[in-house]
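S.K.: Each chain is listed here by its residues.
There are 2 protein chains.
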Amino acid sequence: MKAFALTLLASVTLSCARAERVTSDPLQSWNEGPAKASILSFVARVTTAGGPDFVRPAERIATFDNDGTLWAEQPLYFQFLFAIDRLKVLAPEHPEWKGREPFASLVKGDTTTAFASGEHAVLDALAASHAGVTTEEFEKVVRDWLATARHPKTQAPFTQMVYAPMLELLTFLRANGFKTFIVSGGGVEFMRAFAEETYGIPPEQVIGSRGKETLEMRDGKPVILKVPGVEFIDDGPGKPIAIQRFIGRRPIAAFGNSDGDLQMLQWTCSGAGARFCLFVHHTDGEREWAYDRASSVGKLDKGLDQATADGWTVVNMRTDWRRVFASEAK
Amino acid sequence: MKAFALTLLASVTLSCARAERVTSDPLQSWNEGPAKASILSFVARVTTAGGPDFVRPAERIATFDNDGTLWAEQPLYFQFLFAIDRLKVLAPEHPEWKGREPFASLVKGDTTTAFASGEHAVLDALAASHAGVTTEEFEKVVRDWLATARHPKTQAPFTQMVYAPMLELLTFLRANGFKTFIVSGGGVEFMRAFAEETYGIPPEQVIGSRGKETLEMRDGKPVILKVPGVEFIDDGPGKPIAIQRFIGRRPIAAFGNSDGDLQMLQWTCSGAGARFCLFVHHTDGEREWAYDRASSVGKLDKGLDQATADGWTVVNMRTDWRRVFASEAK
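For the record, the sequence lines run as chains A and B.
Taking this note's numbering, the leading residue of the first sequence gets 1, the next gets one more, and so forth.
Taking this note's numbering, the leading residue of the second sequence gets 1, the next gets one more, and so forth.
You may find that some hints are simply not true.
Since the list gives no way to pick one copy over another, a pair counts as held whenever it fits inside one copy or between any two copies.
[As the list claims (entries may be wrong)] In silico PhoX-like links for lysine-lysine, alpha-carbon gap of 25 Å or less:
| no. | residue 1 | residue 2 |
| --- | --- | --- |
| 1 | K212 | K140 |
| 2 | K88 | K153 |
| 3 | K140 | K221 |
| 4 | K179 | K88 |
| 5 | K153 | K221 |
| 6 | K221 | K302 |
| 7 | K153 | K108 |
| 8 | K179 | K98 |
| 9 | K221 | K88 |
| 10 | K179 | K302 |
| 11 | K179 | K108 |
| 12 | K299 | K88 |
| 13 | K302 | K108 |
| 14 | K140 | K299 |
| 15 | K98 | K88 |
Hints are computed from structural coordinates only; laboratory data are not their basis.
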């Protein structure tokens, strides 16, 4: 009995040592500084039972933009690169695309000429690349693409171009009772194909833009077919609306990197009680890309002004992040 | 040390005894019979690690209709009764409703005359009763109504007219790693006002019909305003579409009571692997209400045929449920 008790105590001690080691720095890819300190302080405040800022776990909702916040978005949104590849695959079945813009240029990968047809026409063409398959077939198409496609600059698989500090942040928040959601302008079914494996975020916690779909019977069984047309754009003012629709509860923390996230952060930080808003500022032209107010992708202009005025956290990627991509050695 | 070890062992034994007692019959409001047996058997199969039907917890999605499945829906959907009460409150601000149908009759509670204007006109009028307030104001309106309104027949608060066997089922599924969702034709924000407290289902797991909304700035802060108009009807073929939109994963179990749930059950039970579909059949005219193929509320006709043909579980409320309402003594 004594031996048993000792073994038991030893294993308890061991578990505590392990827990100590793991939790000693949950944000090890973050350099010490105001950004990291603001995260640690906020989480401590809302999780301190009996404290003035305590928030019960069910209300610890945190929402994250995806492109430029959880993974890179240069030189173009990755889903845009997927859509171009998909148009190339589908082109032989669509002789009508030949000579018709913006399809003809997109299939050639010439986005400059394609955009001369107007942004709306390009978006319609990209939406066409996502249609004509069932939702389950589409998931497989995305998974297959992610398994083989490589980023044009780094030659890395796209799912390795996720930010190590943000992965740690997701894990840290969840370990503290938060429920983490993606709320992104990206297509919801594109993101769901990798969000669970890559971010630990299950499909029901991924909110995004979406195309139209219909329910059809095939051989007596229902299928959900993706059809042409855009149903909802989850960007700008669409983000608080989508949060209300899908979550029905105002987040207490929100994370973005562009003006498209501004309304989500405003919605989050104008609620009562302790709130946390953070912009990732792309300042690292060497390890990643440097862009903000003048960028066509991930423009951060008004957001930067409001973050400064309201004291939101702005991550200086160059100085705040010890490591950028999850694929880099620790 | 020995005393410590003994105390420890004693407390382990006590915990096990307590667990034993709680799990001895997780469905105590269900009579023994094929319905109860089918639930227990399904849950055992999908949770047996290493078994042929094992489903990992992340994929244990269960969806429940609300009206007629989790709580009663007679003599009218409870939200309909709420909307009529709300129209009465709002009527003084809307002199234009006087003499205008279906408003005039609805405000008088005369639904028969109101429906002579057509179902669509009535739905529009009911939608008007939900508009003109922010989402947060609306939640308070619903909570206040639920706290004071009484059911016309039983005089019970509406949140006590939930089915005890279904509450046990929700708890039992969650204890077995399931994530439980509401997927109902009812208004999502109406249901969210009580779903967490009444069913243990947080707002982000409540899917329903919804009106339109807009994001507005008030005193420099964003609010989400409910405006007239219906955005989405979560009924019939809308249910699988909504499940795909919100959950992005096909449920392995679905629970309904009417033909409006049929497509949800078809979508659920036509997936690969172990699946479970159940209809609550309202057969108890004494303790509740008896209705099915010819009812204007909660019509169950085609669903009953397919349930029989496909071997889905059909709950005979009169014989399968020992207790109906949560408010009854155990």
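S.K.: So, against the hints stated earlier in the document, which numbers end up violated here?
M.R.: 4, 5, 8, 9, 10, 11, 12, 13, 14
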